[in-house]
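Novice: The listed protein sequences correspond, in order, to chains A, B and C.
UniProt numbering puts the first residue of the first sequence at 1, with every later residue one more than the last.
UniProt numbering puts the first residue of the second sequence at 1, with every later residue one more than the last.
UniProt numbering puts the first residue of the third sequence at 1, with every later residue one more than the last.
Check each hint, because a few of them may be wrong.
SDA-like cross-link-like pairs, simulated, lysine to any residue; straight-line CA separation at most 25 Å [as the list claims (entries may be wrong)]: (1) A:Lys30 x B:Asp375; (2) C:Lys50 x B:Arg35; (3) B:Lys313 x C:Tyr72; (4) B:Lys29 x C:Lys50; (5) C:Lys103 x B:Arg35; (6) A:Lys81 x B:Trp381; (7) B:Lys251 x C:Glu49; (8) B:Lys251 x C:Lys96; (9) C:Lys50 x A:Glu106.
If you're looking for bench data, these hints aren't it; they were derived computationally from the structure.
Since we're looking at a predicted model, the values are computed, not measured.
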Amino acid sequence: MKNKRDIRIWTIIMVTGLLILGFNGHAQEKWVAPASADKIVNPLKGDTDAVANGKRTYRMLCVVCHGAKGKGDGVGGAGLKPLPTNLTSAEFQAQTDGAIFWKLEEGRSPMASYKTALPEKKRWELINYIRTLKQ
Amino acid sequence: MKKLIYFLIVVVLGTTSYAQTYNTFEPSKTQFMLRGYGHTGFEYMDSGDETESTFLGAAFAPIFLYKHSDRLMFEAELEFVLEGNELETGLEYADVMYVLNRNMTVRAGKFLLPFGTFMERLHPAWINRLPNTPLGYGHDGIAPSSGIGVELRGAFDLGGPTLNYSVYSTNGPRLKDGSLEPEEAGMLQFENYEDTNLAKAYGGRIGLLPFSDSSSEIGFSAYSTSGTGEEDSEYEDIGAFLYALDFSFVKQISGIGGVVDVKAQYNNSNVDTATFTELEDGIAEEYSFDNQSNSFYGQLSYRPTMASNDFVKKLEFVGRYSDFNAPEGAEWEEKSVQYAFGVNYWLSWRSVVKLSYQTTETEGGHDGNGITNTDGLFLHWAIGF
Amino acid sequence: MKTTYKLSIVLALLAITGLTVVACSSTKKKYSDVPTETVADTADDFKIEKSGAQLWGETCNRCHIAPSPADYNDTDWETISLHMRVRANLTENESKKIEEFLKSAN
Chain A
1 MKNKRDIRIW TIIMVTGLLI LGFNGHAQEK WVAPASADKI VNPLKGDTDA
51 VANGKRTYRM LCVVCHGAKG KGDGVGGAGL KPLPTNLTSA EFQAQTDGAI
101 FWKLEEGRSP MASYKTALPE KKRWELINYI RTLKQ
Chain B
1 MKKLIYFLIV VVLGTTSYAQ TYNTFEPSKT QFMLRGYGHT GFEYMDSGDE
51 TESTFLGAAF APIFLYKHSD RLMFEAELEF VLEGNELETG LEYADVMYVL
101 NRNMTVRAGK FLLPFGTFME RLHPAWINRL PNTPLGYGHD GIAPSSGIGV
151 ELRGAFDLGG PTLNYSVYST NGPRLKDGSL EPEEAGMLQF ENYEDTNLAK
201 AYGGRIGLLP FSDSSSEIGF SAYSTSGTGE EDSEYEDIGA FLYALDFSFV
251 KQISGIGGVV DVKAQYNNSN VDTATFTELE DGIAEEYSFD NQSNSFYGQL
301 SYRPTMASND FVKKLEFVGR YSDFNAPEGA EWEEKSVQYA FGVNYWLSWR
351 SVVKLSYQTT ETEGGHDGNG ITNTDGLFLH WAIGF
Chain C
1 MKTTYKLSIV LALLAITGLT VVACSSTKKK YSDVPTETVA DTADDFKIEK
51 SGAQLWGETC NRCHIAPSPA DYNDTDWETI SLHMRVRANL TENESKKIEE
101 FLKSAN
């Protein structure tokens, strides 16, 4: 009888522990765009004028967290968890334009969603600019 | 048994569908939040002939916010601190505010006074970069921290620069005449929530942020009253005029890879000269002094937010100078200078562990004549919520 | 004697405030609101101006580290924005735009 109760208590402890782990793990999960996003084609691919426009939008909306050079070291980023993505990294730049477009549209807290706040064309211009940050 | 299972199914499904519909409700106009901050820590003090070390009881300051509409709101902050095995409670502020238009908000009740910026904006433990207040604030401070009255405040967008203002009237301070505590005769007591005379205190602050990136702010505050003594007493017409200058600069500078934060405030208090009585060997003697006090603090802090290392990113280095001068000839005559240095580690944007060392040189003061040097080591943990 | 000096300073403070109120009450609404879905569809209507994100980074950091938008829900951010507008004496533009940003990123 006593054994059974012990098991029950342990089960509760372990389940709670797993739940806590699970929720924490969820927060640290890598952000991957769905495969369908890769098929979205960048209509401004190779458009150099778009880069200049994209830079203006970047300075207005992104620089505060992602930093002037895209390293994720902007003034607002210090208090965020996870820290802002380093846009110059090989891992980030390895994504397709479509995947970045999808992320800009969806957002993932504390990254804002720009589906309504930013017109589609502006978002593609931004992606062209972000490509120039590659190191 | 079967009945029970059916019942459970109904309950489970029922609540799920209820939970789904629940989310579609519009949020209510009335919104209530319980917020606040707390801190705890360890201190080691050495004043030459005396050393002491102690864990500090936790201080807890809940803030109640009631938003009745987009314009009307009530806010209150309580303070719970352990002092000498007793729980001390305090009402930091409790006021109602109404947004009249885009440039004007009226407040009434007990509110934090915009006399400079330290007490109004920077003193909460999770905001203050050092574990304690600079000289001149707090218990024996010369700057008023809160008052009961009415206030009009607001801000203007000047197309880049912004300007903010505040004007208020409160019950005002009370002059300590020395009848209860002879060693404090001539001090102003700001915790005066039942006025003893007809003279009210009037004051205000003007702050200008000259650059569009809001990095700098300079402010001028004044606080004046024509009477601080009790009605019909000889001190009834002893007036007081106080002013403060404040400065703030916060900016991320990529050349040095981080955020620089400069804060400074100068306070000056001028109370009309009055005559007080002191007992010397049982004989009452009258004395008087020029009742002028001042205090200053300047603080510089740096956070290497652009460092590549995630641990270094969360560090902060801070240094602060402060001094305090109480009038010559007063029983509480004092000249103090303090240096404080600290290293902080930010666990999140609202939780910080502060390690600091501070050294104070006091000439005179409550502890008597001569020069006292007090060194302190502090380890504090503050959290805002 | 001193009282007149003090009174004059208080009066000067009041006068400056009053003048600024008058001077600024006639200015037109200089900023446009955060574009809504319909506005955002056409690229021409999109204005380059100080964004809520920028204001959040600059304004909040004046006193404390800018809060993570993830830490409160929309209704909480509304309460906090009104509280901070009064406490830190922010302009209506600043507090409204910061509120919009925080709500878009939580």
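Novice: Now look at each hint and say whether the structure bears it out.
Specialist: Hint check:
no. : hint               : verdict
1   : A:Lys30 x B:Asp375 : 48 Å, violated
2   : C:Lys50 x B:Arg35  : 30 Å, violated
3   : B:Lys313 x C:Tyr72 : 24 Å, holds
4   : B:Lys29 x C:Lys50  : 29 Å, violated
5   : C:Lys103 x B:Arg35 : 19 Å, holds
6   : A:Lys81 x B:Trp381 : 20 Å, holds
7   : B:Lys251 x C:Glu49 : 20 Å, holds
8   : B:Lys251 x C:Lys96 : 22 Å, holds
9   : C:Lys50 x A:Glu106 : 22 Å, holds
Violated hints, listed in ascending order, are 1, 2, 4; each of the other numbered hints is respected by the structure.
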